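Q: Protein chains in written order, with my numbering: chain X, 1 to 397; chain L, 1 to 704; chain P, 1 to 416.
The hints are simulated quantities; they were obtained by calculation from the structure and are not laboratory data.
Predicted model, so just to flag it, every value in this text is computed and none were measured.
Treat each hint with caution, since some may be false.
[As the list claims (entries may be wrong)] Not close to chain L: a few residues of chain X, all C-beta gaps over 12 angstroms, as computed: (1) L22; (2) C25; (3) Q53; (4) L56; (5) G82; (6) W133; (7) R187; (8) R189; (9) E260; (10) A270; (11) G372; (12) E381; (13) S384.
[To be verified] For each label pair, taking beta carbons as the anchor points, the in silico distance ranges come out as: (14) P:Q242 x X:G214: 40 to 48 angstroms; (15) L:L279 x X:G102: 56 to 64 angstroms; (16) P:T96 x X:T288: 57 to 65 angstroms.
Just so it is clear, CB atoms sit at the ideal spot from N, CA and C, and this is done for glycine as well.
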Amino acid sequence: MERLEPNLGFLRSLRRQGGESLKKCFQCGTCSAVCNLTPNASPFPRKEMLWAQWGLKGPLIADPDIWLCHGCGDCSANCPRGANPSEVLGALRNQTIEEYSGPRSFAKAFRDGRFLLLLLAIPILFMVVAFAWRGGLAFPTGTVEYANFIPEQTIELTLGSWLLLTLIVAVAGLSRFWKGMLAFEERYRPAGGAGTASGGGWAGWKWVLGQVFGHQQFGKCQRTASRRWQHLLIFYGFLLLFFATLGRTYYHYIWHYDYELPLFNVVKLAGNLGGIILLVGLGAVIYTRFLRGVGQAISVYFDWFFVTILGFTALTGFLTELSRLEFPGPDSYLIYLSHLFFIFLLLVYLPFSKFGHILYRTLALYHLHRTGRVGVPIASEPTSSVAELPSKEIAAG
Amino acid sequence: MKPPLFLCSGCGIGETLDLAALGEAMEREFATPAKIHPFLCGPEGRAMIEAESASAECPVVLGACSPRVNADRFPANPFAPERVNLREQVAWCQEPGAAETQAQAADYLRMGMARAAKRELPVPVETAMERTILVVGGGVTGLNAALEAARVGYPVILLEKEERLGGLARRMHRLAPRVAPYRDLEEPSIAKTVALVEANPSIRVLTSTQIESTAGEPGAFQVRTTGVGGNQEFTVGAIILATGWQPYDVTRLPKLGYGAANVITSLTLEEMAAQGRILRPSDGAKPRSVLFVLCAGSRDPEHLAHCSTVCCATSLKQGLYIREQLPDAAVYLIYRDMRTPAQGEDFYRRVQEEETIFLTRGQVTAVREIDDGDLSVTVVSSLLGEKVELTAQMVVLATGLVPAAGDVLHLKYRQGPQMPELKSGFPDSNYLCFPYETRRTGIYAAGTVRQPMDSVGCVEDAAGAVLKAIQSVTLIGQGRAVHPRVGDASFPRFFLQNCTQCKRCTEECPFGALDEDEKGTPKLNVNRCRRCGTCMGACPVRIISFADYNVDQLSAMVKKVSMPQKDDDLRILAFVCENDAYPAWDMAGLRRLRQDPGIRVIPLRCLGSFNVVLLADALSRGIDGVILMGCQSGDDYQCHFMVGSELANRRLENVKETLERLMLERERVELVNVGIGDGGRIAEITQQFAAKLRQLGPNPYRGL
Amino acid sequence: MASGLPGLPGLLVIGGGISGLSASLEAAETGNEVYLVEREPYLGGRVAGMNRYFPKLCSPQCGLEINFRRLRQNKALRVFTLAEVEKVEGQAGDFTVTVRLNPRYVNDRCTACGECVPACPVERRNARNYGMDTTRAVYLPGEVAEPFRYTIDPLACEGAKCGRCVEVCRYGAIDLEMASSTVTLRVGRIVLATGWRPYDPALISTLEFGHFPDIVTNVMMERLAADGGPTGGELRRPSDGQPAKRVAFVQCAGSRDQNHLAYCSGVCCLASLKQATYVLERYPDASVHIFFIDIRTPGGFEIFYQRLQADPRIKFVKGKVARVLQEPGGDLMVEAEDLLAGRMFRLPVDLLVLATGMVPEAMPLPPGIKIPRDPYGFAVPSPGIWPVGLAKRPMDVQSCVRDATGGILKAIGGEG
């Protein structure tokens, strides 16, 4: 038998992370009923609301379902109590990322504006040390070639070593998440047998990839269906940029070509296109969600942090490209530096920031498939009827 | 006596019946000419009636519409007219022009004439009434009742068995919100109320006092009390029973942990909170977690079947005490259904906002003591899991509410010393429309003794009971009945010379109006009487009668029923309750549902007043069948006099054996439950009964 | 009759539903002079449209019948139907009230014979049956209507240019030229018994009322089950007239919902329990699902709930319905989370009953009545004006009568 113990610290932190309203829930189940994304077996977000109210950290941080939520806000709009399940699940996601990214005190810094300068100072400090070690900042003259300013190898080595650390943190977090999910797995398995899609392994991953590339879940949102294409733009923009980065590395190592690629080179094209798509998507997100409050209405610092960095990474990228031709000289090198700075923030801080959702959501989707909750047909009638316990049973305990 | 007779030919009556022929027949039989008018309830018709009724010594007979309609158009001077229902019960439900239709109308008129001739004008028995109101119980309800009565000029005696006024309310630390925005706890106001009562010169307060006996009747209850000041005796006009409630006996809840040091009741917590010392009894430490078990003993047929109504709000309120006095303690509230009706929902919402208050639906099945006085609580069917355990440092049982009824008044009534109680143990009214209906006239229960309610309800209830008490003193003083036969001035008269002291009347009176002497002779306390006629129905020797309603009169009506010419035609007597079944008959007429023309309806005040003598009268005359239509009996009885249809049923059981001895089939007599909403069923019921009688064949006594 | 409360002022009761009717009768029977003003052409208000009362399952007409009998014989009580309070002047103890009497177009010569009805060529929406059937423009407002007299709906009637009812009435009871008039009353106290109306179910978009024909409200269900209702008491699907054997009830349809009514309407649980018995009584092989947040059956009503729990044909499911669908030609489906089982379901039903809540009747109060209201529109007592029943807070019939009885003492006694 399970012994319950509310975790007050967790509860308080959750309320600070955007889950302020969670205590208002009175467990009517409207949220689950209006949610288009929930599986039919062990639906969300009603159960999460109860666990959250009780500060039941254990099941919550191991709960795959908070990652199935895309924050469309259909539940919050219909909630009779103003308990805002959509916000609460958002807060739970933030909280889970914090939980699984170490060290904890560092993870907490991403949720507190007071530590912003510290987070920004880390890459700056690193750069200062690096330049100092190289004998100070020296801007090359002539045609702007960034490789002359900082050799690509240097970037790859330094950023790469940081990313290795990131990877360790991420893998550690993911494995803890996975273990947690496994521990509570029985709770999620459909009672009447698995749905149309089930099982782990390649079949599971294939399904997950389909979901990731198609964003089908997003499309199910009722009130905020437009968020699907917004997020798709950001996603594919980011992918293109990622491809461009790989391409550039390819040129470097295979062709030993360290100079700026021509405008119509496929890598260059991908980079530019990706940047534009990303910015358009981001702009739409900022407009609809952050300015008009569609979907999740509460946007906490944690959300802003990620969106801003992503935006600046793309913006500084374009500026870097532009400045090389328009205002060559030290300015363009400084812009390039700032671009590197944002890339650092984006990638190195990935497991700590909201960006981490790409990891956890993917794993949660895989768990969904594995436990056979995909395509479980909806039951044709309720099975629980409240037959109050006769006192004999009470007497029996 | 020759009652003047008027026939109305309006509303289809003239088209269905040959009124001229009817008039002639009546004139032949009663030697009084019938006046026919096409619009009897019009000004001209009315003038015609008034001209004759002024000089009449008995009621005029009107063959027109149902007595239930157009009553305001036929004034009573002084007799209310005898209304023969030719419209709803003949013209609107019978075949026009048929011989049997005509025969039915003729019988109804003859029955009406017979009844009118045997209707005397009731002379009310006016009595001098004591106006003082006795309020028993000095809690919220009692105090407010006393203040209400005193405010409108009625002297009050307020009785409290404890040393101090205030009752359980005195022990409350705070009250759940009663006014908008329904969020904040309120300061208790009981001390102020007590002070107002104590300062009121019209209210005589007797504390540490209990009732030894209550005798007499409304307007003259003799109450003997015993208390610190010795015995006292006084006369009061009406009584309000406001003895409140007691918490359910927790010693019966060992499974919920009672007996363990740190398991307490809501009332104990209330006192702890008032002292600002919410501490564990075992070690005097501040509990770090407190768990509330709701419905402790309530909603459980083995304990209290009812919902105690106030425990949800009380526990929410107490959750806030803990929040306030022990900010770090966790509060668990395990409820089965959260019941905070009306604006109380706002308070629930407000308590939910508290971070350290944890609520869930579930049922606590066991509380066990573990280490250091801590408690392990098992919760089943919760939303948190099929079966979960919680650890709490203190457990509060929200014990249910038990009415403080029973032997309080020590009534000197034939029917026993207690106020009659419903199955749930509350001396409450059984009527949804009439919450102050009481089986002990002049005695009204109010507050939590009547049914579980919160303090707002108690204050409202106190005022209502006081109004009813004043009303009863007023009406009864004028010699008139209180609800449901409001204003009725008739009362049962006993021709005691013929009394056999069988005690049936005294036993069966639903209101305990009849006392009996050692020999068993009934003695009427007229002010307790509600004029239902149950005694009249019970009496085997027909010595009980009302001026305007008696067995003799009903028997005369039965005798006016003609016998049919053809074997296939029936004569069925339908004795129907005038409160519910009779209106249902009217509704069947309104819907123009066809009825068997052999039926003759005789309205009764209540089936309780049905005397089996009438059955013998009817069947020995050749009536083929008798059907009684009355309200539902049983636990959810609907009879306005509680037991009328039940008693009639019992009387029929006895008589059926006699029937068999007479070689008459038991099936010839039937009792059916008919509610006022059964207008659509009446025709079906009577058709079925008629079909059965046709199968049995005509009553062999017909024509003998 | 001598007053039990001598020297106390006359009373105006606004609203002739169960609260106003009870208040009027109790006051009049205590010997007070009472004026009862009712907007509709009949007394009894909302309860006159109920099929049965919980938990006894008895007919409301029974109590009304007794009350109407009490009313007919009481000389201290004057009733105005089709009347509205137009203006109130003065203060507690001395109010001058102007009452507008709207024309009934049928005078007191009416015998209720009903011959005018077949002559009338106009059908009107029957508001008493929530639009589920029609009546003629001249109609009798109920089988136990008080006053028991026909009335003409001026919005439907074509007036003098038709006049067919006038022609057929043998009693000269119809006067299509009847005009409204006013009376002035002087009273000391006012009892506000303005009652309630059902919450508009169309505002709860997730429940699709008005989109699918087999979705009705609880008040409509009362009429469907009533012997005198639009279907003669047959419980049939409005869409195609098939027996409604699979019936689901959605509790808190609008109540306990801050997007609609934040308070609990207090009676809907019991109403649905009661209506479940209608279904099972009509069709013993029927199945009933009641979807709830909390079942609220206070006091002795709990025993009624326990009795129904023992019936395997009634399922009480914790979980609120928030989605209703119907494919063309398919079953009506309700969707919700089965909370205790932790899974979603989609249940086909014949009839879906929305247990809508009660809203204090928002009729604008006449000028001169200044009475504070709580955030939900429920009235709070003020000097000389005492609200009772649903004007004050959601409550059941029994509590209304209790409140009305005590309320007149409070009003008369001058508290406020």
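Q: If a hint holds in the structure, say so; if it doesn't, say that too.
A: Quick rundown of the hints versus the structure:
{"no.": "1", "hint": "L22", "verdict": "10 angstroms, violated"}
{"no.": "2", "hint": "C25", "verdict": "8 angstroms, violated"}
{"no.": "3", "hint": "Q53", "verdict": "7 angstroms, violated"}
{"no.": "4", "hint": "L56", "verdict": "8 angstroms, violated"}
{"no.": "5", "hint": "G82", "verdict": "9 angstroms, violated"}
{"no.": "6", "hint": "W133", "verdict": "51 angstroms, holds"}
{"no.": "7", "hint": "R187", "verdict": "9 angstroms, violated"}
{"no.": "8", "hint": "R189", "verdict": "15 angstroms, holds"}
{"no.": "9", "hint": "E260", "verdict": "57 angstroms, holds"}
{"no.": "10", "hint": "A270", "verdict": "50 angstroms, holds"}
{"no.": "11", "hint": "G372", "verdict": "21 angstroms, holds"}
{"no.": "12", "hint": "E381", "verdict": "19 angstroms, holds"}
{"no.": "13", "hint": "S384", "verdict": "9 angstroms, violated"}
{"no.": "14", "hint": "P:Q242 x X:G214: 40 to 48 angstroms", "verdict": "43 angstroms, holds"}
{"no.": "15", "hint": "L:L279 x X:G102: 56 to 64 angstroms", "verdict": "42 angstroms, violated"}
{"no.": "16", "hint": "P:T96 x X:T288: 57 to 65 angstroms", "verdict": "60 angstroms, holds"}
Hint compliance for this structure: hints 1, 2, 3, 4, 5, 7, 13 and 15 are broken, all remaining hints hold.
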